[in-house]
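S.K.: With the hints as constraints, model all of the structure from the sequences given.
So that you can map any letter, position 230 of the sequence shown is 230 in the UniProt record's numbering, and since no number is skipped, the others follow by simple counting.
One or more hints might be untrue.
In silico DMTMM-like cross-links for lysine to aspartate or glutamate, where the CA-CA straight-line distance does not exceed 25 angstroms [said to hold, decoys possible]: (1) Lys225 / Glu172; (2) Lys430 / Glu340; (3) Lys66 / Glu172; (4) Lys428 / Glu416; (5) Lys397 / Asp324; (6) Lys225 / Asp280; (7) Lys173 / Asp141; (8) Lys225 / Asp141; (9) Lys430 / Asp399; (10) Lys189 / Asp141; (11) Lys430 / Glu346; (12) Lys147 / Glu104; (13) Lys78 / Glu33; (14) Lys66 / Asp341; (15) Lys173 / Asp186; (16) Lys190 / Asp141; (17) Lys176 / Glu104; (18) Lys270 / Asp259; (19) Lys99 / Asp72; (20) Lys78 / Glu104; (21) Lys176 / Glu33; (22) Lys270 / Asp186; (23) Lys32 / Asp141.
The following label-pair restraints were derived from C-beta to C-beta distances [claimed, not checked]: (24) Pro412 / Gly218: 37 to 43 angstroms; (25) Lys66 / Glu346: 49 to 55 angstroms; (26) Ala282 / Ser308: 36 to 42 angstroms; (27) Leu192 / Asp280: 23 to 29 angstroms.
Quick caveat, the hints were computed from the structure, so don't treat them as lab data.
For glycine and all other residues, C-beta sits at the position ideal for the given N, C-alpha and C.
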Amino acid sequence: MEKSRSSKWGKLGPTASQRGFALVDEAKEAPKEYLCPITLQLMKDPVLLVETGQVYDRESIEAWFKSGHNTDPSTGVKVRHQRLSTIYPLRSAIQQFAKQHNIELEPEESEEEDVKSGDSSTWDVPNPLECLVLQGVSVYDIKGLCKLMVSGDSAEALAAMQLLGDMARHGEKRQKRRITQHCSIDQLKKKLNDTDTRFQVQAARLLLYLPGEDMTMGQMLKLLKYANPQLTEDVLLLIWQHAYRHRSRMNEIAQAIHDLGTGEIITYMKTMADPTQNNDYADEVRAYAAFVLTCICYRPRSRSQIVSGNAVSLLVHYLATTTDVGFRLCLLKAVQYLCEDRAARELIQQNGAVRHFMNHLPPLNRQVLYTARVFNDWFAWVTVPETAVKALYHLSKNDRARYEMRTSGLVPALREMSRTSNIPEKAKSKYVGPLMARLTASQSCFVN
Numbered sequence: 001m002e003k004s005r006s007s008k009w010g011k012l013g014p015t016a017s018q019r020g021f022a023l024v025d026e027a028k029e030a031p032k033e034y035l036c037p038i039t040l041q042l043m044k045d046p047v048l049l050v051e052t053g054q055v056y057d058r059e060s061i062e063a064w065f066k067s068g069h070n071t072d073p074s075t076g077v078k079v080r081h082q083r084l085s086t087i088y089p090l091r092s093a094i095q096q097f098a099k100q101h102n103i104e105l106e107p108e109e110s111e112e113e114d115v116k117s118g119d120s121s122t123w124d125v126p127n128p129l130e131c132l133v134l135q136g137v138s139v140y141d142i143k144g145l146c147k148l149m150v151s152g153d154s155a156e157a158l159a160a161m162q163l164l165g166d167m168a169r170h171g172e173k174r175q176k177r178r179i180t181q182h183c184s185i186d187q188l189k190k191k192l193n194d195t196d197t198r199f200q201v202q203a204a205r206l207l208l209y210l211p212g213e214d215m216t217m218g219q220m221l222k223l224l225k226y227a228n229p230q231l232t233e234d235v236l237l238l239i240w241q242h243a244y245r246h247r248s249r250m251n252e253i254a255q256a257i258h259d260l261g262t263g264e265i266i267t268y269m270k271t272m273a274d275p276t277q278n279n280d281y282a283d284e285v286r287a288y289a290a291f292v293l294t295c296i297c298y299r300p301r302s303r304s305q306i307v308s309g310n311a312v313s314l315l316v317h318y319l320a321t322t323t324d325v326g327f328r329l330c331l332l333k334a335v336q337y338l339c340e341d342r343a344a345r346e347l348i349q350q351n352g353a354v355r356h357f358m359n360h361l362p363p364l365n366r367q368v369l370y371t372a373r374v375f376n377d378w379f380a381w382v383t384v385p386e387t388a389v390k391a392l393y394h395l396s397k398n399d400r401a402r403y404e405m406r407t408s409g410l411v412p413a414l415r416e417m418s419r420t421s422n423i424p425e426k427a428k429s430k431y432v433g434p435l436m437a438r439l440t441a442s443q444s445c446f447v448n
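M.R.: In structure tokens, the structure reads:
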């Protein structure tokens, strides 16, 4: 039987003992749930493959995915997200079993090392030794986990909430529907006011992702106060998905931020988005934080706080470095708005934004797309070059910016745009013509 299993899984079976799994003596008859379905050996770090609800040892399932597979080994179901969630109660039970039977397991990494390595499933969870079993509730039993979440002791309830939270975010639609069916929303909302911050965070994660329990933008932004990395990432991802393609929704976010206190959120987002800051956030999470700063620029009364909060240089940095076309367009419009502010113009010029705007003019960059509508209900038919020209027009009020434009060949590009570009005639007369006149005037030359 073991031989056929090894052949089925290819190289995973024969090399399992080399990767720290403990072989189980048949006489000891370890419970079946303690054995990894891939290697048939005692698991040292049992994890839940969130999307399918199957349990494996972390190292064996990671090896399975690294070998090029994109399916669940047990069910054959195609896996879109390889999200794994540590099952701490089961891991503790296996450790206790191994200790009782003198089975040596490979030493585990500390929880601190888990956090440093980016395993988000270790945030805000109890000590594994506090919950040896989940009162006999299987990780496959969503109804049982939902009951345990509100009726078990604190350690077991927290472990159940974390598993359900991971399922709600990364699981299949069927899993999410079952959680919604059996989960008490009222009890979850009460957990938001729990004295233990860990319960507040896990309850918030569940409410974020349960179908039909959509939170308002203000409610989601309030969750940032917990300063929990995983919860913050979840919130920022949802904000990005909500407003990425819609200008009206960006205004909605800006208004919600104003209602909650713009200055505090700017400081928090700036710290997250700054690539020079030493924190554990991934690049996409930094971009989400920069997107929140971008949304703030869409509200006129909040732009001055972006300037006073020293966030202008960050927006220009992302304008120069982002490879996401949609995000770049959001940044173009946001920085264009800031160009209307005198104090901001100086900072924008100092951070090199002039050349970035010039790079979005068709005569200087033949690859730029300016005739098509890029996003639904966003900018309408306002073109990318028009946005760039508006920004350059306002920036030209700065002496150093004018000098940079003159010496970078902007005047010939403007002449060509006025003849051939399909920028609206109104924009040509209001921005292109006056900008060209300003740059060609003798007094426009910068004197050091």
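S.K.: Next step is simple, just say for each hint if it's right about the structure.
M.R.: Here's how the hints hold up against the structure:
1. Lys225 / Glu172: violated, 29 angstroms
2. Lys430 / Glu340: holds, 15 angstroms
3. Lys66 / Glu172: Answer holds: Lys66 to Glu172 is near 22 angstroms, not above 25 angstroms.
4. Lys428 / Glu416: holds, 11 angstroms
5. Lys397 / Asp324: violated, 30 angstroms
6. Lys225 / Asp280: holds, 18 angstroms
7. Lys173 / Asp141: The given pair, whose Cα atoms are some 16 angstroms apart, holds under the 25 angstroms limit.
8. Lys225 / Asp141: violated, 32 angstroms
9. Lys430 / Asp399: Holds: Lys430 and Asp399 sit about 20 angstroms apart, inside 25 angstroms.
10. Lys189 / Asp141: Answer holds: Lys189 to Asp141 is near 22 angstroms, not above 25 angstroms.
11. Lys430 / Glu346: holds, 23 angstroms
12. Lys147 / Glu104: Distance of about 35 angstroms is beyond 25 angstroms: violated.
13. Lys78 / Glu33: holds, 23 angstroms
14. Lys66 / Asp341: violated, 51 angstroms
15. Lys173 / Asp186: holds, 22 angstroms
16. Lys190 / Asp141: holds, 23 angstroms
17. Lys176 / Glu104: violated, 38 angstroms
18. Lys270 / Asp259: Given that 25 angstroms is the threshold and the Cα spacing comes to 19 angstroms, the pair holds.
19. Lys99 / Asp72: violated, 31 angstroms
20. Lys78 / Glu104: Judged against 25 angstroms, a Cα distance of about 35 angstroms means the pair is violated.
21. Lys176 / Glu33: holds, 24 angstroms
22. Lys270 / Asp186: This hinted pair is violated, its Cα atoms lying about 35 angstroms apart.
23. Lys32 / Asp141: Since the Cα atoms of Lys32 and Asp141 sit roughly 17 angstroms apart, the hinted pair holds (cutoff 25 angstroms).
24. Pro412 / Gly218: 37 to 43 angstroms: Hint violated: Cβ distance 49 angstroms, outside 37 to 43 angstroms.
25. Lys66 / Glu346: 49 to 55 angstroms: About 51 angstroms separates the Cβ atoms of Lys66 and Glu346, which means 49 to 55 angstroms holds.
26. Ala282 / Ser308: 36 to 42 angstroms: violated, 29 angstroms
27. Leu192 / Asp280: 23 to 29 angstroms: The hint (23 to 29 angstroms, Cβ to Cβ) holds, given that Leu192 and Asp280 are roughly 25 angstroms apart.
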